[in-house]
Amino acid sequence: MLLVINRRLNAMVSRKKSEIIHIRVQPNFKVLLEGLANLGGVTSTKIIEQLIVKSAQKTYIPDIDLIISGDFLKDGKLTLADAVETTFLEGEPVLTKLRMYYLASDALSRKDQIVCAAVVNKENGDLFFGEDEIFYRSEGVIEPQELSGIPTVSVAKINDHLDSLEEFADFRERNPKIKMVYKDFLKMSG
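Using our numbering, you'd call the opening residue of the sequence shown number 83 and step up by one each time.
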């Protein structure tokens, strides 16, 4: 009995969290999706996941940064699937976004790009820099000589400012002609 309970607990602990998304589709699309799932003997969710992964494996990141290790690239290119796999840190959404900012910023929303740029801007170092590494040398993702150019941050400090960082990003999106750094926005918003 105890062995069965332990197995169930282990299965629950090792189960990955899933995210829920809602999509609005045309009725014929839903029929196609259900047909694919039924023919494949899998769920509709599995079909969507498989199609997204296939697409991400064929989608290349334009304008990859020279800080990325050549050993990490495949034929000098980086797929979206590889970028996401490399940047994703379970339970660390802030570090995941920052890692994506360095590897594939074009894959982030404009709002996320603004937030990440504010966090790594040296002018805001006293607000966001700390001991948390965005990339580790042992990963081999970033050229070793380039790691010193990537700041270490404080995830706790970033989380404390997340609401105002998002407000700053909203402000910058609504007012693209106004050039303002995050600290000035804080002073202005008061």
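These are computed hints drawn from the structure, not numbers from a lab. It should be emphasised that the depicted structure is a prediction, and the values quoted were computed from it without experimental measurement. Worth double-checking, as some hints may not be accurate.
Pair by pair, the computed Cβ-Cβ distance ranges are [unchecked claim]:
no., residue 1, residue 2, range
1, Tyr218, Ala119, 31 to 41 Å
2, Asp147, Glu116, 39 to 49 Å
3, Pro144, Pro258, 32 to 42 Å
4, Asp242, Ala119, 41 to 51 Å
5, Asp266, Val107, 41 to 51 Å
6, Asp242, Gly123, 42 to 52 Å
Just so it is clear, CB atoms sit at the ideal spot from N, CA and C, and this is done for glycine as well.
**Item:** Cβ separation of Asp266 and Val107, checked against the hinted range 41 to 51 Å
**Value:** Taking Cβ atoms as reference, Asp266 and Val107 lie about 44 Å apart, which means the hint holds.
**Consistency of beta-carbon spacing, Ala119 to Tyr218, with hint 31 to 41 Å** = 40 Å, holds
**Message:** If I claimed the Cβ atoms of Asp147 and Glu116 lie 39 to 49 Å apart, would that claim hold in this structure?
**Reply:** 42 Å, holds
**Request:** Mind checking the hinted window 42 to 52 Å against the Cβ distance between Asp242 and Gly123?
**Result:** 48 Å, holds
**Message:** Does the beta carbon distance between Asp242 and Ala119 stay inside 41 to 51 Å, or does it fall outside?
**Reply:** The hinted range 41 to 51 Å holds for Asp242 and Ala119, with Cβ atoms some 44 Å apart.
**Request:** Using the Cβ atoms, figure out if Pro144 sits within 32 to 42 Å of Pro258.
**Result:** 21 Å, violated
Of the numbered hints listed earlier, the single one contradicted by the structure is hint 3.
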